[in-house]
Amino acid sequence: MVTPSAQQRVIVVGGGLAGLAATIRIAESGMPVDLFSLVPVKRSHSVCAQGGINACNKIARQQGYSEYEHFDETLYGGDFLQHQPPVYEMAQWAPKIIDLFDRMGVPFNRTSEGQRALRLFGGSLYKRTHFSGATTGQQLMYALDEQTRRYEAEGKVNKYEFWEFLRPLMDDQGVCCGIVAQDLRTMQIRAFRGDAVVMATGGPGLVFGKSTNSVMCTGAAASRCFQAGAKYGNPEFIQVHPTAIPGADKLRLMSESARGEGGRVWVPAKKDAEGRWQPHPESGRDPRQIPTEERWYFLEEKYPAYGNIVPRDIATREIFDTCMKGFGVGGGNMVYLDLSHKSREELETKLGGIIEIYRKFVGEDPVEVPMKIFPGVHYSMGGLWTQYSPNRKYDEIAKKLREINDPIEARNLPVQKRNNEILQRNYEIDQQIADLRDKGGSDDEVQKLEDSKQTPEKLEPYVSLADLHGKDALPVGMDPDAPNNMMTNIPGLYAFGEVNYQYHGGTRLGANALLSCTFDGLFCGRSVVNFVRERAHTPAASLPSSIFDKGVEAEESRMKQLVESSGGENPYEIAKELGLEMTASSTVIKTGPRLEQSLNKLEELRDRYSRISLSDSGFWTNQNLSWARAVGDMIALADPIVRGGLAREESRGSHYRTDFLGRDDSRFLKTTVAEFDASTGRSKISFEEVERGLVGPRVRDYSTTKKSKAQVPAPTSADDPKQSPRVSDPNADVSGARDVRAPGDSEKVSS
Amino acid sequence: MIQSNDDTDLATDTRGHAANGKGPSGARTIRVRIKRADSHGKNVRWEEFKVDLPSAGERDGAINVIACLQQIASNPVTVDGTRSTPVTYESGCLEEVCGSCTMVINGKVRQACSCLVDDYAPNDGDLITLEPMSKFPVVRDLWVDRSRLFKALASVKAWVPIDGTYDLGEGPEETPDEQQTRYKLSTCMSCGCCLEACPQYTLEEDESKFDESFVGAAVISQARYFNMHETGATMKKQRLDTLAGPGGINNCGNSQNCVKVCPKEIPLTESIAAMGRSVTLHRIKEFFSGR
Chain A
1 MVTPSAQQRV
11 IVVGGGLAGL
21 AATIRIAESG
31 MPVDLFSLVP
41 VKRSHSVCAQ
51 GGINACNKIA
61 RQQGYSEYEH
71 FDETLYGGDF
81 LQHQPPVYEM
91 AQWAPKIIDL
101 FDRMGVPFNR
111 TSEGQRALRL
121 FGGSLYKRTH
131 FSGATTGQQL
141 MYALDEQTRR
151 YEAEGKVNKY
161 EFWEFLRPLM
171 DDQGVCCGIV
181 AQDLRTMQIR
191 AFRGDAVVMA
201 TGGPGLVFGK
211 STNSVMCTGA
221 AASRCFQAGA
231 KYGNPEFIQV
241 HPTAIPGADK
251 LRLMSESARG
261 EGGRVWVPAK
271 KDAEGRWQPH
281 PESGRDPRQI
291 PTEERWYFLE
301 EKYPAYGNIV
311 PRDIATREIF
321 DTCMKGFGVG
331 GGNMVYLDLS
341 HKSREELETK
351 LGGIIEIYRK
361 FVGEDPVEVP
371 MKIFPGVHYS
381 MGGLWTQYSP
391 NRKYDEIAKK
401 LREINDPIEA
411 RNLPVQKRNN
421 EILQRNYEID
431 QQIADLRDKG
441 GSDDEVQKLE
451 DSKQTPEKLE
461 PYVSLADLHG
471 KDALPVGMDP
481 DAPNNMMTNI
491 PGLYAFGEVN
501 YQYHGGTRLG
511 ANALLSCTFD
521 GLFCGRSVVN
531 FVRERAHTPA
541 ASLPSSIFDK
551 GVEAEESRMK
561 QLVESSGGEN
571 PYEIAKELGL
581 EMTASSTVIK
591 TGPRLEQSLN
601 KLEELRDRYS
611 RISLSDSGFW
621 TNQNLSWARA
631 VGDMIALADP
641 IVRGGLAREE
651 SRGSHYRTDF
661 LGRDDSRFLK
671 TTVAEFDAST
681 GRSKISFEEV
691 ERGLVGPRVR
701 DYSTTKKSKA
711 QVPAPTSADD
721 PKQSPRVSDP
731 NADVSGARDV
741 RAPGDSEKVS
751 S
Chain B
1 MIQSNDDTDL
11 ATDTRGHAAN
21 GKGPSGARTI
31 RVRIKRADSH
41 GKNVRWEEFK
51 VDLPSAGERD
61 GAINVIACLQ
71 QIASNPVTVD
81 GTRSTPVTYE
91 SGCLEEVCGS
101 CTMVINGKVR
111 QACSCLVDDY
121 APNDGDLITL
131 EPMSKFPVVR
141 DLWVDRSRLF
151 KALASVKAWV
161 PIDGTYDLGE
171 GPEETPDEQQ
181 TRYKLSTCMS
191 CGCCLEACPQ
201 YTLEEDESKF
211 DESFVGAAVI
221 SQARYFNMHE
231 TGATMKKQRL
241 DTLAGPGGIN
251 NCGNSQNCVK
261 VCPKEIPLTE
271 SIAAMGRSVT
281 LHRIKEFFSG
291 R
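Residue numbers (the working numbering), protein chains in the order written: chain A, 1 to 751; chain B, 1 to 291.
Isolated chain A (complex conformation) (with noise of 0.2 Å):
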């Protein structure tokens, strides 16, 4: 007889931030962990992660920024689209993961006092994000990897480094009972029993050809459990970087750290009679000899409250816009990204790490000459679907705040309809103005057509969570205990980390991916252990063997296949193809027939794969095996992105569509649903509603400072004086109307 207690053990697939922390906190409770990664996990990609990572502190704290505003600026960032209570947790939580990675040693940069130094990032105002010079993701990947090795001496942790996930194994009831995994050095394939699986496998970045990601973020996992019927959220929405340096090789990030410590963007420009900015004439100027009145700061100019700090889909949309337009360096498509105004003791102490990677790959300083960037494919809000229990109060505060804010929104709907008819036709508008312009026309032929241009109507302000019961925090996050938080639909199958595709919803503010990489790991670690402790079927050990085997079978047929396939079709090159095709159709911008015209490529790189040729059919160490295998799961992961880019008509963060310009809540304030059809190999994609009962999805401006403030109506419910609103001051303190209990200690609610 088997003991299920002894014998239960976790699988965390993926070594890096997410994968760490969840190893750390599932082995602290005593939990046996086997941790898969295609690299020794102290080579992950969250090495990459430069700038820092967010949280409230206690400077900003009195500057008026709470975990509150955390939790708002992150919604309003990824415009609505986040299901709110995992976001509200994940921002109580943040201020708690900064003190840990403190503890574990992490050296953040440190002001004068010896306190935790700060810096802006991107969509805040206020100083919240935390750094360790710029090579931030490095040095907090190091701290989980050495925890990790402590547990590993320990004998809580066994590593599986070098070994790649192949599928999750399922039992007869459908419940995740472990996977199957190669050996890339031997080439073995085998079955690993486990009581829970948590993926914590990155991004997608490689199907996009080149990216700012590391070689093994493939997307191929996340593909792999795609495939096994594991559902996929959001798959469209792909964050592209606004500062990035090409390279043949890849794309390197150049941290938006830059523009939070007074980097500034602009290009050289001239203004004509009539003060408008057109492209300069001289081209190859040296930088530091143009004129400042011949310097464009468009971003400053555009978004005078946020200026150079905006959110990326808008800094790079704005980039690619302004390049487009004939501005770029030397007629080009860069931009200049310019910090040589800053003092070089600065720059080193906190940027060094991305001024070495400029000085390093392109040969200059920036100290001295600002950089030549353009914008890069660099993170995925979309990943696999998840769930998660909301915590005790959510519910009440979710139905009262949606009985006011219905009815707002019903008034706004229709508003927003006309909005973007309006924006539609200005969209219009501007491209005849182009026209006539590249034609020759006349000023007042121009003047005409953008006096014909209409600007939209106002929306009605919603009423948040913070107008009827203040900033302070209220249990309306995610239940810690539930074992379902972040749970595939796959029971026992987790996801983690960029994989999961909750928390940053259209698009992801800067340095919160550190922080929801972690945030998943530690928090929903615990759901993990709880899953596997309440289990109430048959433990993973005594499963019969054939479960396992038949997953190894197929594998080593799977691999069998392509080692013998000879149609002489080039994996390399198919995927090259890919990531060409998958940019132009599914990145900045977005156009039903270009999304059309993919899907028809996709058919063709299919039918192509299905004849590739491998130049190495050896089995030691075969990387070109591997790397043919991922190609195969990464057009399977590109159909979902295609797909539903073409069934999401209407713009929303970093989904721009330019035939559907505007965000059409009535119809996609929704979570994109992709579901693997296996017996047609492509992805069918549905809509599903978002939870979003504490914040209304107001409009997202970030070329003003202050969002318009709700006026409060009377309370709905008499028999609740504690709950009477303030209708001046939705910031102004009310002791004693709240409830106020620091999230973690609840009671628990069933999902």
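Keep in mind that the hints were calculated from the coordinates and are not lab data.
Positions of the beta carbon are idealized from the N, C-alpha and C atoms, including for glycine.
Hints are all accurate, no fakes.
Distance ranges between label pairs, derived from CB positions:
(1) B:Asn-250 <-> A:Arg-533: 46 to 54 Å
(2) A:Gln-454 <-> B:Ala-27: 48 to 56 Å
(3) A:Gly-326 <-> B:Ser-39: 54 to 62 Å
(4) B:Arg-31 <-> A:Asp-286: 34 to 42 Å
(5) A:Asn-158 <-> B:Lys-285: 33 to 41 Å
(6) B:Gly-164 <-> A:Glu-649: 45 to 53 Å
(7) B:Val-44 <-> A:Gly-330: 44 to 52 Å
(8) A:Gly-441 <-> B:Thr-78: 55 to 63 Å
(9) A:Trp-620 <-> B:Asp-119: 31 to 39 Å
Think about it this way: if two alpha-carbon atoms lie no more than 20 Å apart in a straight line, the pair counts; the simulated EDC-like pairs of lysine to aspartate or glutamate are:
(10) B:Lys-184 <-> A:Glu-346
(11) A:Lys-360 <-> B:Asp-119
(12) A:Lys-58 <-> B:Glu-173
(13) A:Lys-58 <-> B:Asp-167
(14) A:Lys-325 <-> A:Asp-272
(15) A:Lys-399 <-> A:Glu-688
(16) B:Lys-264 <-> A:Glu-364
(17) B:Lys-184 <-> A:Asp-102
(18) A:Lys-58 <-> A:Asp-472
(19) A:Lys-270 <-> A:Glu-318
(20) A:Lys-360 <-> B:Asp-118
(21) A:Lys-576 <-> B:Asp-6
(22) B:Lys-151 <-> A:Glu-161
(23) B:Lys-264 <-> A:Glu-345
(24) B:Lys-264 <-> A:Glu-348
(25) B:Lys-135 <-> B:Asp-211
(26) B:Lys-184 <-> A:Glu-345
(27) A:Lys-601 <-> B:Asp-6
(28) B:Lys-42 <-> B:Glu-131
(29) A:Lys-271 <-> A:Glu-450
(30) B:Lys-264 <-> A:Glu-346
(31) A:Lys-417 <-> A:Glu-649
(32) B:Lys-184 <-> A:Glu-348
(33) B:Lys-264 <-> A:Asp-365
(34) B:Lys-151 <-> A:Glu-152
(35) A:Lys-576 <-> B:Glu-58
(36) B:Lys-237 <-> A:Glu-154
(37) A:Lys-360 <-> B:Glu-265
(38) A:Lys-156 <-> B:Asp-163
(39) B:Lys-184 <-> B:Glu-173
(40) A:Lys-448 <-> A:Asp-430
For this one, chain A is given, so just place chain B on it according to the hints.
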């Protein structure tokens, strides 16, 4: 207004980005000579490949050794027309923060990603040679097994012994100077350059002998890093015991090669000197306390 990504292909079409006036700008073909092996000492051979480099104006940014290896992988045919296999090597971030792609290039150990071909092979027909690091067993081709390095990190207890991941408040305060010193040490990516360059660090294939083999500069420096942290220092004695023992700091022959090859410019010799003093003091203390 924006019309189409196709017009720019985003950062994949970045003509002119590489043209910084430095290095050669014309299209040319270089040769890459690679020391290959099926596994350690097995079927060791040299293979030479041609790599075509576009002119500066046609480039997608800087070209490094990784881009050459990628080009070879997509069409692995040697200079004498023999069809070969893609070259096996480790790679990761490609921006010199993960340490994966460390190899010996033209006789010098470094990361392949930050090795730009314009610096190493500026003329048509120039040769770049790639070899695996010699101090670690070869897995295949340029991929070597660096597990000894990670095991050595465990032997010096390279971690801060925290009381678990609970919410227990802030860590110890430190001055900006202390932070800067620790930060520099903490950028060590366990790449192994310092070990490859060290005359005292020799190849050891037998895992059971890792414990008494020299730990090397990277690990000594990490021991210093953790001894500098207030909580980390609670395990100072154990770290010094390890460094005082076989494979410890006495193996250092003071060649100072380590510091010269460190891609992160970590003051490794400073770390060795500091730990040398700590170990000596530790021994004197032990001697007088009669242990």
